[in-house]
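In order, the protein sequence lines correspond to chains H and Y. Residue 107 in this note's numbering is what sits at position 107 of the first sequence, and the numbering runs on without skipping anything. Residue 128 in this note's numbering is what sits at position 128 of the second sequence, and the numbering runs on without skipping anything.
Keep in mind that the hints were calculated from the coordinates and are not lab data. Using N, Cα and C, we set each Cβ at its ideal position, and we do this for glycine too. It cannot be assumed that every hint is accurate.
Said to hold, decoys possible - Computed beta-carbon distance windows for the label pairs: (1) Y:Asp79 - H:Thr72: 36 to 42 angstroms; (2) Y:Ala25 - H:Thr170: 26 to 32 angstroms; (3) H:Tyr49 - Y:Gly76: 14 to 20 angstroms.
As the list claims (entries may be wrong) - Partial list, computed: chain Y residues near chain H (C-beta under 8 angstroms): (4) Asp40; (5) Phe66; (6) Thr69; (7) Lys73; (8) Tyr85; (9) Val86; (10) Lys91; (11) Lys113; (12) Lys114; (13) Ala115; (14) Gly116.
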Amino acid sequence: MERKAFIAVAIVAALQAAPAASARPVSYAGGWTLIQETDRQSTTGLIHYSPEASFSVGARAEWDRRDDVLFTGVQGTWLAKRWFGEAHQANLYLWGAAGLAQDVGKGVSDSPSLTEPGVQLGIMTDWETRRLFLSYRASARDFGKLDASVMQAARVGFAPYEGDTGDLHTWLMIEVDHRPDNLEPLGVTPLLRFFYGPALFEAGWSLADDQPLLNLQYRF
Amino acid sequence: MLRTLLLTSALILSIPAAAQSDYAAPVMITAEGTILTLADTPDIATALSAGGEPIVAKVLGAVCDFCATAMNKMFGRYDDVAAVYVDLDAKTLNLVLAPGATMDDDRIRKLVKKAGYKVDSIARSPDLPNAG
Numbered sequence: 001m002e003r004k005a006f007i008a009v010a011i012v013a014a015l016q017a018a019p020a021a022s023a024r025p026v027s028y029a030g031g032w033t034l035i036q037e038t039d040r041q042s043t044t045g046l047i048h049y050s051p052e053a054s055f056s057v058g059a060r061a062e063w064d065r066r067d068d069v070l071f072t073g074v075q076g077t078w079l080a081k082r083w084f085g086e087a088h089q090a091n092l093y094l095w096g097a098a099g100l101a102q103d104v105g106k107g108v109s110d111s112p113s114l115t116e117p118g119v120q121l122g123i124m125t126d127w128e129t130r131r132l133f134l135s136y137r138a139s140a141r142d143f144g145k146l147d148a149s150v151m152q153a154a155r156v157g158f159a160p161y162e163g164d165t166g167d168l169h170t171w172l173m174i175e176v177d178h179r180p181d182n183l184e185p186l187g188v189t190p191l192l193r194f195f196y197g198p199a200l201f202e203a204g205w206s207l208a209d210d211q212p213l214l215n216l217q218y219r220f
Numbered sequence: 001m002l003r004t005l006l007l008t009s010a011l012i013l014s015i016p017a018a019a020q021s022d023y024a025a026p027v028m029i030t031a032e033g034t035i036l037t038l039a040d041t042p043d044i045a046t047a048l049s050a051g052g053e054p055i056v057a058k059v060l061g062a063v064c065d066f067c068a069t070a071m072n073k074m075f076g077r078y079d080d081v082a083a084v085y086v087d088l089d090a091k092t093l094n095l096v097l098a099p100g101a102t103m104d105d106d107r108i109r110k111l112v113k114k115a116g117y118k119v120d121s122i123a124r125s126p127d128l129p130n131a132g
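For reference, chain H alone in the conformation it holds in the complex:
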């Protein structure tokens, strides 16, 4: 009960925080999205299908390198609201995942093979024009005896030029993330984002703990 309350409070706090996101797993109706994200703590893979432009369902596999915990499960992502403007777009996404979390390495538990049911909840929001980008995301997870934690991240980006359709789009970005349970709770990661057709690639470096950021997204 205490754990549920903790996650509820974390989500409410996230909802009340400043606006803005990361990968967008929701695509056009009938589209698939393949995502790989590596940040200073985790490496995550998702494959999502969007039956409609407002939601997607798919598999999520996440290896928390800090705790050596592997989460595998099903994720649903809902585009709760999209604001349209002639020169801007803003989005609010809510997502949740349920599955199993397994201690796969040096372990946070006495038993390296301990497996617990796991749930994750998150919010992502962003606002962008062709030259400016702002995003915010927050998530909470409960992996039973293995972990219960929250995180939040905000990002700001600037495109040095406006690429047209089919051009290589380049963004200069910086992300600040807060993970209260980490040895380095505050992370700062400058990164480059490249868009080319249906593919997005991001590469950066966490200054807080010398870890890479490598994200790849492909839509088909």
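Use these hints to put chain Y onto chain H, whose structure you have.
Same frame as chain H, but now just chain Y:
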């Protein structure tokens, strides 16, 4: 040698421009009287020359290549559409239908919505009946 290389490069680069020099992009008009110009791409020129109806829609929220890809994929699924191109600079969805095919405004709005975006206005040729 350098001079030859430069002249050859200039000649090669000038070929596409010369090939398109007689192309006059159709000017379209919305129900509200806004004038939109059909994008000029090889696929669109080919589809136009085959006799397809051109349509231009002003789209809201199209700010990135994912937006363009989504609409290109959505409209590209249909045999009624001979050519599709999203122009991020002009913020327009450009369509040329297959010869004899029709697509009313409601259907265009629905397909854009299924791609995740929103139509602001739709322009068609003044000498063609507006199906909206």
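Comparing the hints with the structure gives:
Here the CB-CB span from Asp79 of chain Y to Thr72 of chain H is close to 40 angstroms, well matched to the stated 36 to 42 angstroms. At about 29 angstroms, the CB distance of Ala25 of chain Y to Thr170 of chain H agrees with the hint of 26 to 32 angstroms. Between Tyr49 of chain H and Gly76 of chain Y the CB atoms are about 18 angstroms apart, so this pair conforms to the stated range of 14 to 20 angstroms. The closest approach between the C-beta of Asp40 of chain Y and any C-beta of chain H is roughly 12 angstroms, which is over the 8 angstroms cut-off, so the hint fails.
Satisfaction of the interface hint for Phe66 of chain Y is found here, the shortest Cβ-Cβ separation to chain H being roughly 6 angstroms, below the 8 angstroms cut-off. Satisfaction of the interface hint for Thr69 of chain Y is found here, the shortest Cβ-Cβ separation to chain H being roughly 5 angstroms, below the 8 angstroms cut-off. For the restraint placing Lys73 of chain Y at the interface with chain H, the shortest Cβ-Cβ distance is roughly 6 angstroms, inside the 8 angstroms limit, so the hint holds. Checking Tyr85 of chain Y against chain H by beta carbon gives a least distance of about 7 angstroms; that is within 8 angstroms, so the hint holds.
The beta carbon of Val86 of chain Y is positioned within 8 angstroms of a beta carbon in chain H (closest approach about 5 angstroms), and the interface hint is therefore held. The criterion of a C-beta within 8 angstroms of any C-beta in chain H is met by Lys91 of chain Y, whose closest approach is roughly 6 angstroms, and the hint holds. Against a cut-off of 8 angstroms between C-beta atoms, the interface hint on Lys113 of chain Y holds, since the closest Cβ of chain H lies about 7 angstroms away. Taking 8 angstroms as the C-beta cut-off, the interface hint given for Lys114 of chain Y holds, the closest approach to chain H being about 4 angstroms.
Hint status for Ala115 of chain Y relative to chain H: holds, with the closest Cβ pair at about 4 angstroms, below 8 angstroms. Residue-level restraint check for Gly116 of chain Y holds (minimum Cβ-Cβ distance to chain H is 4 angstroms; threshold 8 angstroms).
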